[in-house]
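S.K.: In order, the protein sequence lines correspond to chains A and B.
Residue numbers for the first sequence follow my numbering, beginning at 1 and rising by one.
Residue numbers for the second sequence follow my numbering, beginning at 1 and rising by one.
Please note that the accuracy of each hint is not assured.
Since copy identity is lost for identical chains, a pair holds within one copy or between any two.
What the hints assert, rightly or not - Here are the computed lysine-lysine pairs in the DSSO-like style, where the Cα-Cα straight-line distance is at most 27 Å: (1) K288 to K3; (2) K182 to K304; (3) K162 to K288; (4) K252 to K215; (5) K120 to K215; (6) K304 to K250; (7) K208 to K259; (8) K304 to K215; (9) K208 to K162; (10) K44 to K21; (11) K252 to K304; (12) K304 to K208; (13) K3 to K44.
The hints are simulated quantities; they were obtained by calculation from the structure and are not laboratory data.
2 protein chains.
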Amino acid sequence: MKKYNVAIVGATGAVGQELLKVLAERNFPVGELRLLASARSAGKVISYQGQEYTIGLTDEKAFAGIDIALFAGGSASTEFAQAAVEAGAVVIDNSSAFRMHPEVPLVVPEVNPEDVDWHKGIIANPNCSTIIMAVALKPLHDAAGIERVVVSTYQAVSGAGKEGITELTEQTSQVLRGEPVKPNVFAHPIAFNLIPHIDVFQDGDYTKEEWKMIKETRKIMHEADMRITATTVRVPVYRSHSESINIEFKRKITAAEAKEVLANASGVIVIDDVQNKQYPMPLYTSDKDEVFVGRIREDLSIDKGLNLWVVADQIRKGAATNAVQIAETLIQRKRI
Amino acid sequence: MKKYNVAIVGATGAVGQELLKVLAERNFPVGELRLLASARSAGKVISYQGQEYTIGLTDEKAFAGIDIALFAGGSASTEFAQAAVEAGAVVIDNSSAFRMHPEVPLVVPEVNPEDVDWHKGIIANPNCSTIIMAVALKPLHDAAGIERVVVSTYQAVSGAGKEGITELTEQTSQVLRGEPVKPNVFAHPIAFNLIPHIDVFQDGDYTKEEWKMIKETRKIMHEADMRITATTVRVPVYRSHSESINIEFKRKITAAEAKEVLANASGVIVIDDVQNKQYPMPLYTSDKDEVFVGRIREDLSIDKGLNLWVVADQIRKGAATNAVQIAETLIQRKRI
Numbered sequence: 001m002k003k004y005n006v007a008i009v010g011a012t013g014a015v016g017q018e019l020l021k022v023l024a025e026r027n028f029p030v031g032e033l034r035l036l037a038s039a040r041s042a043g044k045v046i047s048y049q050g051q052e053y054t055i056g057l058t059d060e061k062a063f064a065g066i067d068i069a070l071f072a073g074g075s076a077s078t079e080f081a082q083a084a085v086e087a088g089a090v091v092i093d094n095s096s097a098f099r100m101h102p103e104v105p106l107v108v109p110e111v112n113p114e115d116v117d118w119h120k121g122i123i124a125n126p127n128c129s130t131i132i133m134a135v136a137l138k139p140l141h142d143a144a145g146i147e148r149v150v151v152s153t154y155q156a157v158s159g160a161g162k163e164g165i166t167e168l169t170e171q172t173s174q175v176l177r178g179e180p181v182k183p184n185v186f187a188h189p190i191a192f193n194l195i196p197h198i199d200v201f202q203d204g205d206y207t208k209e210e211w212k213m214i215k216e217t218r219k220i221m222h223e224a225d226m227r228i229t230a231t232t233v234r235v236p237v238y239r240s241h242s243e244s245i246n247i248e249f250k251r252k253i254t255a256a257e258a259k260e261v262l263a264n265a266s267g268v269i270v271i272d273d274v275q276n277k278q279y280p281m282p283l284y285t286s287d288k289d290e291v292f293v294g295r296i297r298e299d300l301s302i303d304k305g306l307n308l309w310v311v312a313d314q315i316r317k318g319a320a321t322n323a324v325q326i327a328e329t330l331i332q333r334k335r336i
Numbered sequence: 001m002k003k004y005n006v007a008i009v010g011a012t013g014a015v016g017q018e019l020l021k022v023l024a025e026r027n028f029p030v031g032e033l034r035l036l037a038s039a040r041s042a043g044k045v046i047s048y049q050g051q052e053y054t055i056g057l058t059d060e061k062a063f064a065g066i067d068i069a070l071f072a073g074g075s076a077s078t079e080f081a082q083a084a085v086e087a088g089a090v091v092i093d094n095s096s097a098f099r100m101h102p103e104v105p106l107v108v109p110e111v112n113p114e115d116v117d118w119h120k121g122i123i124a125n126p127n128c129s130t131i132i133m134a135v136a137l138k139p140l141h142d143a144a145g146i147e148r149v150v151v152s153t154y155q156a157v158s159g160a161g162k163e164g165i166t167e168l169t170e171q172t173s174q175v176l177r178g179e180p181v182k183p184n185v186f187a188h189p190i191a192f193n194l195i196p197h198i199d200v201f202q203d204g205d206y207t208k209e210e211w212k213m214i215k216e217t218r219k220i221m222h223e224a225d226m227r228i229t230a231t232t233v234r235v236p237v238y239r240s241h242s243e244s245i246n247i248e249f250k251r252k253i254t255a256a257e258a259k260e261v262l263a264n265a266s267g268v269i270v271i272d273d274v275q276n277k278q279y280p281m282p283l284y285t286s287d288k289d290e291v292f293v294g295r296i297r298e299d300l301s302i303d304k305g306l307n308l309w310v311v312a313d314q315i316r317k318g319a320a321t322n323a324v325q326i327a328e329t330l331i332q333r334k335r336i
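Build the full structure now, drawing on both the sequences and the hints.
M.R.: In structure tokens, the structure reads:
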């Protein structure tokens, strides 16, 4: 079996670490593994699969001989993705830098695997909330045609990386001890609170996170006019994003039909046995690769509508797993 | 000024305690104050406004001479509300027992104060999430006519009473110490988790909480056919319910118009200055009587839509404050 030299850029962060785990779990055919990071982490030694790796510095020369460069996110993408492409690598980029670029495919392998075919060196990994929603929407769109989506999110603190996790733990301990709380990563205290604000505010007083869910979903689904509105909210949960999704369809689809369609969909697990109190929850979907869908109900306020409750680990399927699946799709479709 | 003899049934619970606070804060014209509870609490002595009160047992004979009986909720309402009415009291009931009864007004004073006029002894206090939503919807309905509502809630643990608060604290401490968590009040662990399930499951796999938001809102608004769909979710927040509300209108209303309408509405405070990161959050709305509205945006997926983020203390405006306001409305309208 052919092996591929893989670089991970941002190997020491939350997504970088998860990329390492996912490559190993999925037995990705890794030849050389090169772990890169910024000057702050370069030189550190980390242990992985029984071997020691020294973190290299991400710079223009770091990509020689690399086949696949997995960028975990952040400013390294705009600085070094082009250098990686010029060195002959295919870049799979988890940052938002290239997602809406017309010459960059934006791919969720369960939704639009064929888009890897036209890559010009960079393939973008979508926003985490967007990936999770797209996996749940696609089979329903194929079955009944989506007319409009209203989504409200419940997003975990690890969406802001390791620092988000630390901040929730520290603030929670402080509140329980009756001590004051000082926000750092998030704009306001997150312990025992909700913050209806993720990323910066943009047009129409929507956040960038909300716009990503609208624009990226349209690009992934190849539906430039799909009607979507979003409200994104940070919640005091460590891991796994949840989404309350209301969908209006072109054709009638019953809850029973929707359950069957979703149960047969790639990458989806239906948990929907309300009499036995079974529905997706972030505590039980973390460290899993699938998108979990439950509370599947007909929306009785319209003729052709459904409500869904969708939960998935945003560091796995929302980032690392999706990136590795893109690499697998490249190999399967012989585009690398 | 005329004074009224007031009984509080369930005086030792979370809502009962809040009723005492609200009566004092609002200088309600209390004559005799009679605190009642079940056998478990009867006989206890509690201190209130510098006086000591012995908790009496709630029974058929407990309401002699009472003008206003505030029932905090639970099974006491079905057992003893009729006895209180027969003893000559007006019952303001926070349970769900009578809310949908055609001969019982269901009242949010900012929305339908005139409904107290036709009471026959019992006036029902709506569900907490419903009250909060109705206060925000009513001025917008008057301005532009509501066609359809899609609401997703983020509900605090104190909606399940003092036991819900204790459970969140205990489980959170256990998780931070790395200990296992055992759910008791809630169906699943609530610390660092979300539970998309409040109250029991009913028709169409909607929870009773979701049906309350649909049916009670229609009754309060006198719009029997108003199209509403709801998804209700428990979140690890101590106090104040939050709601992501999407509204489709009959007539176009801009975000600027909506902000003005809401800023002038009774019982509403607009917090919507996103450039300065100002929006409602549960941590800052607790112990307040108003309904806080922010993130007011035009829904660009339809011609005549808005998104709102609404937060309010569900023990205050969602229960105790609304009940005392109903009593005040009875006095103002000379219906007692």
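S.K.: My question is about K304 and K215: at a cut-off of 27 Å on alpha-carbon distance, are they close within one copy, between copies, both, or neither?
M.R.: both (24 Å within a copy, 20 Å between copies)
S.K.: Checking K252 and K304: alpha-carbon separation at most 27 Å within a copy, between copies, both or neither?
M.R.: both (5 Å within a copy, 24 Å between copies)
S.K.: At most 27 Å between alpha carbons: which applies to K288 and K3, within, between, both or neither?
M.R.: Result: close within a single copy only, 26 Å intra versus 62 Å inter.
S.K.: Cα distance capped at 27 Å. Does K162 pair with K288 within a copy, between copies, both, or neither?
M.R.: within (18 Å within a copy, 34 Å between copies)
S.K.: Go through the copies and call it for K208 and K162: within, between, both or neither, with a Cα cutoff of 27 Å.
M.R.: Within one copy only: 21 Å inside, 38 Å across.
S.K.: Between the shortest in-copy and the shortest cross-copy C-alpha distance, which are at most 27 Å for K120 and K215: within, between, both, or neither?
M.R.: Close inside one copy (21 Å), not across copies (55 Å); limit 27 Å.
S.K.: Give the relationship of K304 and K208 under a CA distance limit of 27 Å: within one copy only, between copies only, both, or neither.
M.R.: Classified as between; 22 Å across copies, 30 Å inside a copy.
S.K.: Is the C-alpha distance from K304 to K250 at most 27 Å within one copy, between copies, in both cases, or in neither?
M.R.: both (7 Å within a copy, 20 Å between copies)
S.K.: Pop the pair K182 and K304 into one bin, within, between, both or neither, using alpha-carbon distances up to 27 Å.
M.R.: neither (47 Å within a copy, 40 Å between copies)
S.K.: Which holds for K3 with K44 at a C-alpha limit of 27 Å: within a copy, between copies, both or neither?
M.R.: within (26 Å within a copy, 76 Å between copies)
S.K.: Given a CA cutoff of 27 Å, do K252 and K215 count as a within-copy pair, a between-copy pair, both, or neither?
M.R.: Both: 26 Å inside a chain and 24 Å across chains, each within 27 Å.
S.K.: With identical chains treated as interchangeable, where does the CA-CA distance between K208 and K259 reach 27 Å or less: within a copy, between copies, both, or neither?
M.R.: Between copies only: 22 Å across chains, 32 Å inside a chain, cut-off 27 Å.
Figure legend: structure checked against the earlier numbered hints; the only hint not met is number 2.
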